[in-house]
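Kindly generate the complete structure, drawing on both the sequences and the hints.
Protein chains in written order, with the numbering used here: chain A, 1 to 112; chain B, 1 to 115.
FYI, nobody ran anything at the bench for these hints, they're computed from the structure.
Even for Gly, the Cβ is constructed at its ideal location relative to N, Cα and C.
To give an idea of the interface, some chain B residues facing chain A are shown, with a C-beta separation under 10 angstroms as derived from the structure:
hint: 1; residue: F34
hint: 2; residue: Q38
hint: 3; residue: Q42
hint: 4; residue: G43
hint: 5; residue: K49
hint: 6; residue: F90
hint: 7; residue: S94
hint: 8; residue: V96
hint: 9; residue: L103
hint: 10; residue: G106
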Amino acid sequence: DGGITQSPKYLFRKEGQNVTLSCEQNLNHDAMYWYRQDPGQGLRLIYYSQIVNDFQKGDIAEGYSVSREKKESFPLTVTSAQKNPTAFYLCASGARELKTQYFGPGTRLLVL
Amino acid sequence: AQSVTQLDSQVPVFEEAPVELRCNYSSSVSVYLFWYVQYPNQGLQLLLKYLSGSTLVKGINGFEAEFNKSQTSFHLRKPSVHISDTAEYFCAVSDVGQGAQKLVFGQGTRLTINP
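Here it is as structure tokens:
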């Protein structure tokens with residue numbers, strides 16, 4: 001059953017803590033993306049990766065970090081430098097020839 | 001830089017009535033256009049896309065959209081809505097390039113279907 005999985009569904013962060021959101025895909029897509037969704041603001045691009053061991057900053061990368069050690073996985077770390085991390089985080093993947101991105105179910109991050 | 005404007009933040013409609021969700025974009029290059037749907041606390045599901053060819057695009061769940069290059073619009077339509085169409089709808093654009101496909105999203109339109 002092909003698709004994109006994100007875990008956990010809900011995540012709680014304490015002040016000063018780094019947390020990592022998981023994103024896995026078995027669609028054999030080269031590109032993967034992380035978006036942040038806030039109410040009334042649509043989705044904004046945090047980081048993206050076109051190939052293993054390579055990634056680029058999106059529009060709102062400050063306070064976030066990523067890695068791409070495997071084609072299937074693109075974890076996002078929300079660091080303590082991100083002062084307003086409460087949001088819904090969406091991971092997506094895509095293949096260049098498809099010209100389309102497909103989204104995972106999302107992780108909601110809340111601050112304690 | 002590209003931008004997307006969804007002209008209505010909320011659209012209430014009665015069941016079985018037609019609906020149009022409006023989307024305008026701004027770009028200095030050729031674009032691909034997309035509509036996604038999001039149900040509460042879920043990810044985005046692709047409704048339809050325009051890449052090239054016919055400007056009238058049909059998608060899932062009975063939705064269609066028309067690309068109008070002169071008006072830089074990509075409005076989404078459905079002739080008869082159901083309660084199950086209640087959701088948030090996002091219009092998105094990316095440029096026709098060889099590099100990474102970076103999507104730019106509108107702010108979303110909340111479609112509410114009333115019985």
